[in-house]
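Peer 1: In the order they appear, the protein sequences are chains A and B.
So for the first sequence, the numbering used here puts the first residue at 1; every next one is plus one.
So for the second sequence, the numbering used here puts the first residue at 285; every next one is plus one.
Hints listed in this document are in silico derivations from the structure and should not be mistaken for laboratory results.
Where a beta carbon is used, it is the ideal one built from N, C-alpha and C, also for glycine.
Wrong hints could be hidden among the right ones.
[To be verified] In silico lysine-lysine, DSSO-like type, Cα no more than 30 Å apart, as pairs: (1) A:244 with B:310; (2) B:313 with A:222; (3) A:114 with B:505; (4) B:339 with A:234; (5) B:310 with A:234; (6) B:310 with A:222; (7) B:339 with A:233; (8) A:233 with A:222.
[Claimed, not checked] Chain B stretches covered by chain A per the calculated footprint, using a threshold of three residues with CB under 8 Å from any CB of chain A: (9) 333 to 345; (10) 382 to 391; (11) 396 to 404; (12) 408 to 419; (13) 444 to 453; (14) 462 to 471; (15) 618 to 626.
[What the hints assert, rightly or not] Residues of chain B clear of chain A, computed beta-carbon distances all greater than 12 Å: (16) 322; (17) 359; (18) 365; (19) 369; (20) 481; (21) 483; (22) 525; (23) 536; (24) 595; (25) 633; (26) 635; (27) 636.
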Amino acid sequence: MHIVVCMKQVPDSAQIRVHPVTNTIMRQGVPTIINPYDLFALEEAMRLRDQFGGEVTVLTMGPPMAEESLRKALTFGADRAVLLTDRFFAGSDTLATSYALAGALAKIGETFGKPSIIFTGKQTIDGDTAQVGPGIAKRLGFNQLTYVARIAELDLATGEIAVERRAEGGVQVLSTRLPVLITMLEGANEMRRGTLEDAFRAARTEVVTWNAADAGITDLTKCGLRGSPTIVKKVFAPSARAEKARQIPTTDLSFEAMAETVMGEIFARQPAIEGDLMRFSSGQ
Amino acid sequence: MAEAPKQAPAAAGRAGMKKELPEHFKAYKHVWVVVECEHGVVHPVSFELLGEGRKLADKRGAELAGVVLGSDREAIAAAASAAFEYGADLVYTITDPALTHYRNEAFTKGLTDLVNTYQPEILLLGATTLGRDLAGSVATTLLTGLTADCTELAIDEEGSLAATRPTFGGSLLCTIMTLNYRPQMATVRPRVLAMPERQPGRTGRIVEHPLGLAEEDIVTKVLRFVADRDSDKAQLAYADIVVAGGLGLRSAENFQLVKSLAEVLGAEYGGSRPLVQKSWITADRQIGQTGKTIRPRLYIAAGISGAIQHRVGVEGADTIVAINTDPNAQIFDFAHVGIVADAIKLLPALTEAFRKHLSVNRLAG
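Taking the hints into account, I'd like the entire structure generated from these sequences.
Peer 2: Here is the structure:
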């Protein structure tokens, strides 16, 4: 069974800083990581491979430096890595991204065998859209299973798969037929530590690097900025509230006194809360 | 007047930048909201969207329509009348046994057909697991623009939808437009928009449409649905009082201080994103753009710096009280009451103050 995991290299958003004057992102020195949600997808793919046999290919689209995250995935235990990189892809929104990735996935199918399952994380931590997975599924005609918490059953002989999917107010147990695209929920598994063998193998493995033409993507009007129906009109930092927070003075005050003042301020602003709390407290 | 800072010039020939809307999209009118109705219950986010959709439709001089897909005639009729009372002028319905449970294939087919037939210019969905699953497929099928998790929707001077959302991991906001494609699609998370006033007795017209898809042609089957037990899940989004902690608590053990205060106040508790990443709290307790959006009457944030990703998740609170040792923390830009103090020391004092106040007054009462 061939499984492909789509990953993204993202800036470690916990460490992103915004320039206080220009409101631009200060990218210098911000470390990049594999999108954390994608690790659940990768681990689930490797578990299925270990259980049913086959290969796991990791695919990413991005600048040449995205190779780092593919190498990392190889050290975790992925079998093959494909980097899709071309300046024509720059500025892609989610529709253009799913077009390019679907193209590369078709090429991966021709070159290394058709995938039965494509995994992605539930979303990325930089874009947070959760749109690229469904976009790929639609373009390739794969059955779409989003927010999957657990793969309950997989029968390669019949091509049937059953999963538990997080839905509003409960869990849906769905069955469908391969090929499928699965977006994996966080916490579904725990990423293994790669073995020493994996590390050696990763060091020897060549990352397959394709530009648009290599991946068989010929309609460049559907790629990058040109292929993106959405445009970013402006980027800005929100303004502070007109009225700044009323600061409770702290000088020479004990924590008990500060707490009294904070409580008084809360009740002054929300008198109804005091009454509600009384009722809540007497009800206990 | 000061000019807004210039953005980088757009690449030549960018499809999205053309001024004139292509001829075949000019007939697209009206604002639509997908009304999520599962297990006979309408998701509150649908009413929140109808409230916002009403404003957008009025600004465009257009009608507001709800879209209800399902199998139960009575539930659909009830959802439609609720939609009218929350501002819809008309409701499109598709009633079919294949729509009993949400499934991507059937719902994508139904919604895509409706859009192609009746041609809305704006299509809004809740950013729920259903809405996000559906919106991604429908936008890809229609090859149009979709903006996820918007925090603000507006109509710009040229009549286009201006959808604002956090970007770069929630450190800035951006406004996104879909100028040359229709419909302009957006999702909004529950509780981001205010619940509109219900107008009892307000009514409208219903337009029925067929699904045109047989059950045997749908590959995916729902084997069963296991409802969450309410007690298992944090009820953060709709809580009245919320207490939350951030990295300023310094250790997982100190998170107990947040829980103790929440307990005295009968409040829900939660935390900022880094706490989930450090496994101090579970993901369903995360507050912010990628976690839960809350609109409580009172929100107490202890040791949270207040990055935009957090801010957009709590700004709807009536009163925000911030405790932080850093006087320059961003949270003081949008809190109503601030105190520069160590949360680890102030939280227990605050818990004690409330406990004492409530017990004294209980005795007195």
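Peer 1: All hints are to be evaluated individually against the structure, with a verdict given for each.
Peer 2: A quick look at each hint next to the structure:
1. A:244 with B:310: Distance ~45 Å between residue 244 of chain A and residue 310 of chain B Cα, so the pair is violated.
2. B:313 with A:222: holds (26 Å)
3. A:114 with B:505: holds (24 Å)
4. B:339 with A:234: Given that 30 Å is the threshold and the Cα spacing comes to 23 Å, the pair holds.
5. B:310 with A:234: holds (25 Å)
6. B:310 with A:222: holds (22 Å)
7. B:339 with A:233: holds (22 Å)
8. A:233 with A:222: Since the Cα atoms of residue 233 of chain A and residue 222 of chain A sit roughly 20 Å apart, the hinted pair holds (cutoff 30 Å).
9. 333 to 345: violated (count 0)
10. 382 to 391: holds (count 5)
11. 396 to 404: violated (count 0)
12. 408 to 419: Holds, because 6 residues of the stretch 408 to 419 of chain B bring their Cβ atoms closer than 8 Å to Cβ atoms of chain A.
13. 444 to 453: holds (count 5)
14. 462 to 471: holds (count 4)
15. 618 to 626: holds (count 8)
16. 322: violated (6 Å)
17. 359: Fine: 15 Å to the nearest Cβ keeps residue 359 of chain B off the interface.
18. 365: Per Cβ check, residue 365 of chain B is outside 12 Å of chain A; nearest 21 Å; holds.
19. 369: holds (22 Å)
20. 481: holds (20 Å)
21. 483: holds (25 Å)
22. 525: About 7 Å separates residue 525 of chain B from the closest Cβ of chain A, which leaves it inside 12 Å; violated.
23. 536: Holds: least Cβ distance 17 Å, greater than 12 Å.
24. 595: Violated, since 7 Å does not exceed 12 Å.
25. 633: Violated: least Cβ distance 4 Å, not greater than 12 Å.
26. 635: For residue 635 of chain B, whose nearest Cβ neighbour in chain A is about 8 Å away, the distance does not exceed 12 Å, so it is violated.
27. 636: violated (7 Å)
In this structure, the earlier hints numbered 1, 9, 11, 16, 22, 24, 25, 26 and 27 are contradicted, and the remaining ones agree with it.
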